[in-house]
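Number of protein chains: 2
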Amino acid sequence: MTAATTELRVDAQRARRLGEAVLHAAGAPAAHAAMQAGALVEGDLRGRPSHGLQRLPTLVQRIRAGVLDPAATAALRWTGEAFLAVDGRDGFGPVAANAAIDALAERVPRSGIALAAIRRSGHIGMLAPYLERICAAGFAAIVLTTSEALVHPAGGRTALVGTNPIGIGVPAKPQPFVLDMSTAAISAGEIIAHAHRGATLPQGRAVDEAGRPTTDPERALAGAISPFGGAKGYGLGVGFELLVALLSATALGRDVHGTLDVDQLATKGDVLIVLDPRASVGDAVASVASRIDDYLDELRAAPTAPGVPAVLVPGDRMRGARARRQRDGIPYPAALWAQLERLEESDV
Amino acid sequence: MTAATTELRVDAQRARRLGEAVLHAAGAPAAHAAMQAGALVEGDLRGRPSHGLQRLPTLVQRIRAGVLDPAATAALRWTGEAFLAVDGRDGFGPVAANAAIDALAERVPRSGIALAAIRRSGHIGMLAPYLERICAAGFAAIVLTTSEALVHPAGGRTALVGTNPIGIGVPAKPQPFVLDMSTAAISAGEIIAHAHRGATLPQGRAVDEAGRPTTDPERALAGAISPFGGAKGYGLGVGFELLVALLSATALGRDVHGTLDVDQLATKGDVLIVLDPRASVGDAVASVASRIDDYLDELRAAPTAPGVPAVLVPGDRMRGARARRQRDGIPYPAALWAQLERLEESDV
Numbered sequence: 001m002t003a004a005t006t007e008l009r010v011d012a013q014r015a016r017r018l019g020e021a022v023l024h025a026a027g028a029p030a031a032h033a034a035m036q037a038g039a040l041v042e043g044d045l046r047g048r049p050s051h052g053l054q055r056l057p058t059l060v061q062r063i064r065a066g067v068l069d070p071a072a073t074a075a076l077r078w079t080g081e082a083f084l085a086v087d088g089r090d091g092f093g094p095v096a097a098n099a100a101i102d103a104l105a106e107r108v109p110r111s112g113i114a115l116a117a118i119r120r121s122g123h124i125g126m127l128a129p130y131l132e133r134i135c136a137a138g139f140a141a142i143v144l145t146t147s148e149a150l151v152h153p154a155g156g157r158t159a160l161v162g163t164n165p166i167g168i169g170v171p172a173k174p175q176p177f178v179l180d181m182s183t184a185a186i187s188a189g190e191i192i193a194h195a196h197r198g199a200t201l202p203q204g205r206a207v208d209e210a211g212r213p214t215t216d217p218e219r220a221l222a223g224a225i226s227p228f229g230g231a232k233g234y235g236l237g238v239g240f241e242l243l244v245a246l247l248s249a250t251a252l253g254r255d256v257h258g259t260l261d262v263d264q265l266a267t268k269g270d271v272l273i274v275l276d277p278r279a280s281v282g283d284a285v286a287s288v289a290s291r292i293d294d295y296l297d298e299l300r301a302a303p304t305a306p307g308v309p310a311v312l313v314p315g316d317r318m319r320g321a322r323a324r325r326q327r328d329g330i331p332y333p334a335a336l337w338a339q340l341e342r343l344e345e346s347d348v
Numbered sequence: 001m002t003a004a005t006t007e008l009r010v011d012a013q014r015a016r017r018l019g020e021a022v023l024h025a026a027g028a029p030a031a032h033a034a035m036q037a038g039a040l041v042e043g044d045l046r047g048r049p050s051h052g053l054q055r056l057p058t059l060v061q062r063i064r065a066g067v068l069d070p071a072a073t074a075a076l077r078w079t080g081e082a083f084l085a086v087d088g089r090d091g092f093g094p095v096a097a098n099a100a101i102d103a104l105a106e107r108v109p110r111s112g113i114a115l116a117a118i119r120r121s122g123h124i125g126m127l128a129p130y131l132e133r134i135c136a137a138g139f140a141a142i143v144l145t146t147s148e149a150l151v152h153p154a155g156g157r158t159a160l161v162g163t164n165p166i167g168i169g170v171p172a173k174p175q176p177f178v179l180d181m182s183t184a185a186i187s188a189g190e191i192i193a194h195a196h197r198g199a200t201l202p203q204g205r206a207v208d209e210a211g212r213p214t215t216d217p218e219r220a221l222a223g224a225i226s227p228f229g230g231a232k233g234y235g236l237g238v239g240f241e242l243l244v245a246l247l248s249a250t251a252l253g254r255d256v257h258g259t260l261d262v263d264q265l266a267t268k269g270d271v272l273i274v275l276d277p278r279a280s281v282g283d284a285v286a287s288v289a290s291r292i293d294d295y296l297d298e299l300r301a302a303p304t305a306p307g308v309p310a311v312l313v314p315g316d317r318m319r320g321a322r323a324r325r326q327r328d329g330i331p332y333p334a335a336l337w338a339q340l341e342r343l344e345e346s347d348v
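Which chain is which? The protein sequence lines are U and X, in order.
In terms of my numbering, the first sequence opens at residue 1 and continues consecutively.
In terms of my numbering, the second sequence opens at residue 1 and continues consecutively.
In isolation and in its complexed conformation, chain U is listed as follows (with noise of 0.2 Å):
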């Protein structure tokens, strides 16, 4: 085992108070440093490390180029009776889209459905958090967010559009469904991870500069990832792309920067809706989730295919293994430990 692929264990609450100490050394408002350190905690527990504490390093180098303000609120304003325009002043992806979480969540009652396109905001990392907690509040919600563009148009060879994940959650006993997914068929980061470990990648997730697909990661990180499902993950990705870019007033394709550099102002968008079941049936809506319950279980228990142990309802495999990495520790690289140790240490 070489020093690169050792592993060790940490706790959750350990990690998200070397988050905490590192951002607020940086000069992050506690509250702030909290929330921010919890997004990127949120992706290690759920399996997800891209989107996980090995981010802290570029939001510390951003903060340092005076590109990400720490300490910005975020400003909101409803520009209709149901959608929130949100200007995130540059501040951490966490805070401005709370904030508006919490002014949708207020509006909606009302309104039914409520949306909060928002700009000059950071990555907001995982969307399955903030799924959770607008399902643990009787809502339903739909989120939309844009990145860099990594992926290739089907039938192309360039990276033109953003991995462009969806979100979708959806209130059930005794978990809420959560679907939170990116529009790409690998994310880069698994690519890198591949290519570190010398193994090569499954069938169809990238193309070579040429655009041949390829297996090989050092060829697909000099290439482009594809987009899932072909043509019809290319439609979805540049449909979400659009979509965001328009309600938020935020860029397109290769004017997307800010989540992965270090050094450029963060232009990517995010949409998040909310909806309140109650609208629709008033209060019915008590049998109507019972049958959702109902048909997730059913979905559980349908027959397999031959060698598949069981089918799974979107947001079960992830649930679990955030339980165990709550109970175990959360396993790290050592040597991106010990960097984020060290940052912890330098006080920035």
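Keep in mind that the hints were calculated from the coordinates and are not lab data.
It is possible that some hints are incorrect.
Stated by the list, open to error - Label pairs and their calculated CB-CB ranges:
#: 1; chain 1: X; residue 1: 317; chain 2: U; residue 2: 261; range: 33 to 41 Å
#: 2; chain 1: U; residue 1: 203; chain 2: X; residue 2: 301; range: 22 to 30 Å
#: 3; chain 1: U; residue 1: 13; chain 2: X; residue 2: 78; range: 46 to 54 Å
#: 4; chain 1: X; residue 1: 331; chain 2: U; residue 2: 331; range: 56 to 64 Å
#: 5; chain 1: X; residue 1: 306; chain 2: U; residue 2: 265; range: 34 to 42 Å
#: 6; chain 1: U; residue 1: 136; chain 2: X; residue 2: 79; range: 21 to 29 Å
#: 7; chain 1: U; residue 1: 64; chain 2: X; residue 2: 306; range: 41 to 49 Å
#: 8; chain 1: U; residue 1: 323; chain 2: X; residue 2: 58; range: 21 to 29 Å
#: 9; chain 1: X; residue 1: 203; chain 2: U; residue 2: 30; range: 49 to 57 Å
#: 10; chain 1: U; residue 1: 58; chain 2: X; residue 2: 79; range: 42 to 50 Å
#: 11; chain 1: X; residue 1: 317; chain 2: U; residue 2: 218; range: 33 to 41 Å
#: 12; chain 1: U; residue 1: 200; chain 2: X; residue 2: 199; range: 29 to 37 Å
#: 13; chain 1: U; residue 1: 79; chain 2: X; residue 2: 189; range: 40 to 48 Å
#: 14; chain 1: X; residue 1: 109; chain 2: U; residue 2: 73; range: 26 to 34 Å
What the hints assert, rightly or not - What the simulated footprint calls covered on chain U by chain X, stretch by stretch (three residues with Cβ under 8 Å from a Cβ of chain X suffice, anywhere in the stretch; the number is not a length):
#: 15; region: 110 to 116
#: 16; region: 202 to 213
#: 17; region: 222 to 230
Ideal placement from N, C-alpha and C gives every residue a C-beta, glycine not left out.
Assemble chain X onto chain U, guided by the hints.
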């Protein structure tokens, strides 16, 4: 060439008139007949015959069976400032959908976003014509609708999820961006067409009764359609199923009926979301719009993968097909057209 595969070309206007005459004779007021026939012919014009006049005999049988009321007008009720609950009263889908769009377009300049949730309404047909209509008024749109369970869960083998299409429309010049796609890897109509031709299916479109991937259309018909894009497409399909059922108080999974059968009330639902870009950026909407036009052109001009003539933008190909058929006539199988003419002559 056998009789079954002989095609003839029919002028779109003639096709519309036939549809209107048949529906009018079956009891539909002229305006309803025109709207429903128009929606069907749009399916044929855009190369999606599964949504075309081949559904006309089913609609007539549904009317005769008393499960579809051709004279019904939808009941619209604002249950929130931006939430319109629509009861289709067992009438034609396009009648309810167009009434809902009229109401949303009137409300959305004030609310910024507005949603209609439609229940007790027939199949609305292709989503693209509704999206184009909304975009022509300067608004963007997201449309979700449910269908009978025809798709197996990822890892499963029985049909438990609808083909649940999504439509996204964004105003652009010279033509709007219009995405109209189902979350199934192939339509049931396409599988039947392959069976008639004795052709094999492309890989990954369906499974047999045991859940094994199959390219044999007969085995696929005994099995289930696959979600597009594997687990991600499955996740989206379920997410849309839950959102539509929750917001419109309609059925889930195998309880969805009334678009393919001739004797059951329609229990599917539709959700239409209309968005006013001016809510976000006010008068600056023109500059965002021009960036969208440029971005779509950048995609169209993107370098291609080997053997691919050009990168497409969703909606472009279908628009071309529609223009050709509008000019040259719609190709109908001779046997289908003969059946439709008999329906017209029988005067129901």
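Against the structure, the hints come out as follows:
no., hint, in the structure
1, 317/X <-> 261/U: 33 to 41 Å, "36 Å, holds"
2, 203/U <-> 301/X: 22 to 30 Å, "28 Å, holds"
3, 13/U <-> 78/X: 46 to 54 Å, "47 Å, holds"
4, 331/X <-> 331/U: 56 to 64 Å, "59 Å, holds"
5, 306/X <-> 265/U: 34 to 42 Å, "38 Å, holds"
6, 136/U <-> 79/X: 21 to 29 Å, "23 Å, holds"
7, 64/U <-> 306/X: 41 to 49 Å, "44 Å, holds"
8, 323/U <-> 58/X: 21 to 29 Å, "48 Å, violated"
9, 203/X <-> 30/U: 49 to 57 Å, "55 Å, holds"
10, 58/U <-> 79/X: 42 to 50 Å, "45 Å, holds"
11, 317/X <-> 218/U: 33 to 41 Å, "35 Å, holds"
12, 200/U <-> 199/X: 29 to 37 Å, "34 Å, holds"
13, 79/U <-> 189/X: 40 to 48 Å, "43 Å, holds"
14, 109/X <-> 73/U: 26 to 34 Å, "30 Å, holds"
15, 110 to 116, "holds (count 6)"
16, 202 to 213, "holds (count 4)"
17, 222 to 230, "holds (count 3)"
Checked against the numbered hints given earlier, this structure breaks only hint 8.
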